[in-house]
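Participant: Model the placement of chain B on the given structure of chain A, informed by the hints.
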Amino acid sequence: MTILKATDVGISFGGVKAVDGVSFSVGSGQILSIIGPNGAGKTTLFNVVSGVYVASRGTIHLADEDVTGLAPHKLAARGLSRTFQNLQIFQRMTACENVMVGRHLREKCSLLPALFRTPSVTRQNRETRAAALDLLAEVGLKDFADVPAGSLSYGACKRLEIARALAAEPRVLLLDEPAAGCNAVETEEIDHLIRQVADRGVAVVLVEHDMKLVMKISDRILVLERGRPLAEGTPREVRDDPKVLEAYLGHHGAREAARA
Amino acid sequence: MRALVNHRILTLLVLAAMIAALPLIFPSSYYFRVASLVWVSALAAIGLNILMGQAGQVSLGHAAFFGIGAYAVAIGPAHLGVPPWAALFLGALLSAALAYLVGRPILRLKGHYLAIATLGLGVLVALVISTESRWTGGPDGMPVARLTLFGWRVAGSDTWYWVTGGLLLLGTWIALNLDETPTGRAFRALHDSEVAAQVVGVDVARFKLQAFVIAAVYASLAGSALAFMNGFINPDQAGFLHSVELVTIVVLGGLGSVVGSIVGAAVLVTLPQVLTVFHEYEHLLLGLIIIVAMIFMRNGIVPSLSGLLFRRARS
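Protein chains in written order, with our numbering: chain A, 1 to 260; chain B, 261 to 575.
Misleading hints may appear alongside valid ones.
[Stated by the list, open to error] Away from chain B, derived, C-beta distances all over 10 Å, residues of chain A: (1) 20; (2) 50; (3) 225; (4) 242.
[What the hints assert, rightly or not] With a Cα cut of at most 30 Å, we get these calculated BS3-like pairs of lysine-lysine: (5) 212/A with 142/A; (6) 17/A with 370/B; (7) 17/A with 5/A; (8) 108/A with 370/B; (9) 370/B with 74/A; (10) 243/A with 5/A.
[What the hints assert, rightly or not] A partial selection of chain A residues facing chain B, derived with a Cβ cut-off under 10 Å: (11) 24; (12) 27; (13) 52; (14) 67; (15) 69; (16) 72; (17) 89; (18) 90; (19) 93; (20) 97; (21) 114; (22) 164; (23) 184.
Hints listed in this document are in silico derivations from the structure and should not be mistaken for laboratory results.
Beta carbons are placed, not taken as given, at the ideal position from N, Cα and C, and that holds for glycine.
Extracted from the complex, chain A is given alone in its bound form:
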């Protein structure tokens, strides 16, 4: 069943069409990867889909509801969660607190009980922390729960962002380069994690430069070039598409690759 559907999405910045007429859809449990050379508009597309930017044209549907132009926190309430390419960690909070913020929508959040710290607030805090610790264990950060997030390594921050996004129990998860800057072992772990998430029925949209990872785990791949869709299909179809090779390697390189 299709959960997230983008139709003919476009956005321009001062005459530059950063994303131009891109459509895709992803169903629950599926992994869709979006690839393309640098500057192809992958992250911009993510920003449009997650409500950080407002599309200048096209529509976005989340579970059959038109959510075009909704603010990010409203999209989050409808089950869309994401991570960032350039880390957006709450630096001054501990790793555990970062994930606890991810539980925001699952918590009762009224002001007066908070000011007077009623027993229900304390109880809820305990539950949220327990849930956060489980998620930290899942991404292998259990030992760092009470460490300030600002002092974690880059790879650890990447996984912390995934844990925080998962804490919201999303139906759709957008991952922006989760494996960037990770070594082979860490990439392996992230690969494993993404599969687990998809197996639970979450629709995963992945932007990633690590082609080995992309080819291995994607159900479908969408290739962008200069903001426009270039190709779409299964990993095998995309890999053999001469247009894709040309976009990545140039005209000459593509001919070389075809010969090889």
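Facilitator: Quick look at chain B alone, frame taken from chain A:
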């Protein structure tokens, strides 16, 4: 978690013990008065620190709410026949309402722009107070009727020492409570990354507004307490310099640290009193001490010193 809860209660116990024990070493009623001034400033600063230190939004016009609280308890009983205690709550309500109405548009601004907008608010309120002399007595100020609670006439510097001390304890308790709740976490989250807070579902505009309203109510109650205590009020309390003083207390004591706001208030209120022995060099020395303190303790007094202690304890 356990350690944090203990830490919260420990902080309150130490503060309560300090408030209880200080009178034992006070040689005259003048000391009660100075200490009460510290408690009142600390109360306003703790509220402002929730806005600045937790939620990361600056307010350069916060004395406006302090002034509204102060003038509410002066004008209410004098012109409108409102009982003094009720005027205190009306002032808080008015401050909250103004913060809500003004906060909605201006909290969309960020950093310097927000600073200028709040500064404008502060200047505006101060201007209204000093020109509407029929109601406020203008630049000369106006007397404040004594507070009477159930037939008990609250007067005298030692009485006010206990009342303001109690208010400070209450304000400290609430601020410490807030830290470890979904609301407190939302404040700190939007401080570090608004966009990340948004995508996990935090309604950033709503929480900024909440922090602004909470800070306004704190300042208003502190202003009311000061007006009652002094029995007199003038527009300086709502003025720009007082706004700057509140921000200085928060930053000097330590952004985000509740205890820091109390320490900051203690330093900024008592230091001028101590420095009077230097006569005309008083202000020069005060400025110099603040500059040196900020250079050597750039996170503020309390976070810097506790960081130092913590490192010592570990090594």
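Participant: If a hint holds in the structure, say so; if it does not, say that too.
Facilitator: Evaluated hints:
1. In this structure residue 20/A is separated from chain B by more than 10 Å, as the shortest Cβ-Cβ distance comes to about 24 Å.
2. The non-interface label for residue 50/A is inconsistent with chain B: the shortest C-beta to C-beta separation is roughly 6 Å, within 10 Å.
3. With a minimum CB-CB distance of about 27 Å to chain B, residue 225/A clears the 10 Å threshold, and the non-interface call stands.
4. A cut-off of 10 Å between C-beta atoms confirms that residue 242/A is not in contact with chain B; the least separation is 37 Å.
5. Using a Cα cut-off of 30 Å, the hinted pair residue 212/A and residue 142/A holds, with the two alpha carbons roughly 28 Å apart.
6. Proximity of residue 17/A to residue 370/B is assessed by CA-CA distance (about 28 Å); at most 30 Å being required, the pair is judged to hold.
7. The suggested pairing of residue 17/A with residue 5/A holds, with an alpha-carbon distance near 21 Å, which does not exceed 30 Å.
8. Proximity of residue 108/A to residue 370/B is assessed by CA-CA distance (about 28 Å); at most 30 Å being required, the pair is judged to hold.
9. Distance restraint check for residue 370/B and residue 74/A: the Cα-Cα separation of roughly 22 Å lies within the 30 Å cut-off, and the hinted pair is therefore satisfied.
10. Proposed proximity of residue 243/A and residue 5/A is supported: the alpha carbons are some 25 Å apart, at most 30 Å.
11. The beta carbon of residue 24/A is not positioned within 10 Å of any beta carbon in chain B (closest approach about 19 Å), and the interface hint is therefore violated.
12. Interface restraint check for residue 27/A: the shortest CB-CB distance to chain B comes to about 22 Å, outside 10 Å, so the restraint is violated.
13. About 6 Å separates the beta-carbon of residue 52/A from the nearest beta-carbon of chain B, less than 10 Å, and the hint is met.
14. For residue 67/A, the shortest C-beta to C-beta distance to chain B is roughly 14 Å, which exceeds 10 Å, and the interface hint is violated.
15. Nearest Cβ of chain B to the Cβ of residue 69/A: about 14 Å, over the 10 Å cut. The hint is violated.
16. A distance limit of 10 Å between C-beta atoms decides the matter here; for residue 72/A the minimum to chain B is near 4 Å, and the interface restraint holds.
17. A hinted interface residue such as residue 89/A counts as satisfied when its beta carbon comes closer than 10 Å to some beta carbon of chain B; here the least separation is about 7 Å, so the hint holds.
18. Because the closest C-beta pair between residue 90/A and chain B is about 4 Å apart, less than 10 Å, the hint holds.
19. At a threshold of 10 Å, the smallest CB-CB gap from residue 93/A to chain B is about 6 Å, leaving the interface hint in force.
20. A least Cβ separation of about 6 Å between residue 97/A and chain B falls short of the 10 Å threshold, and the interface hint therefore holds.
21. For residue 114/A, the interface hint holds, the least distance from its beta-carbon to any beta-carbon of chain B being 4 Å, beneath 10 Å.
22. Taking 10 Å as the C-beta contact cut-off toward chain B, the hint placing residue 164/A at the interface holds, the least distance being around 6 Å.
23. With 10 Å as the threshold, the beta carbon of residue 184/A stays out of range of chain B, its nearest partner Cβ sitting at about 28 Å, so the hint is violated.
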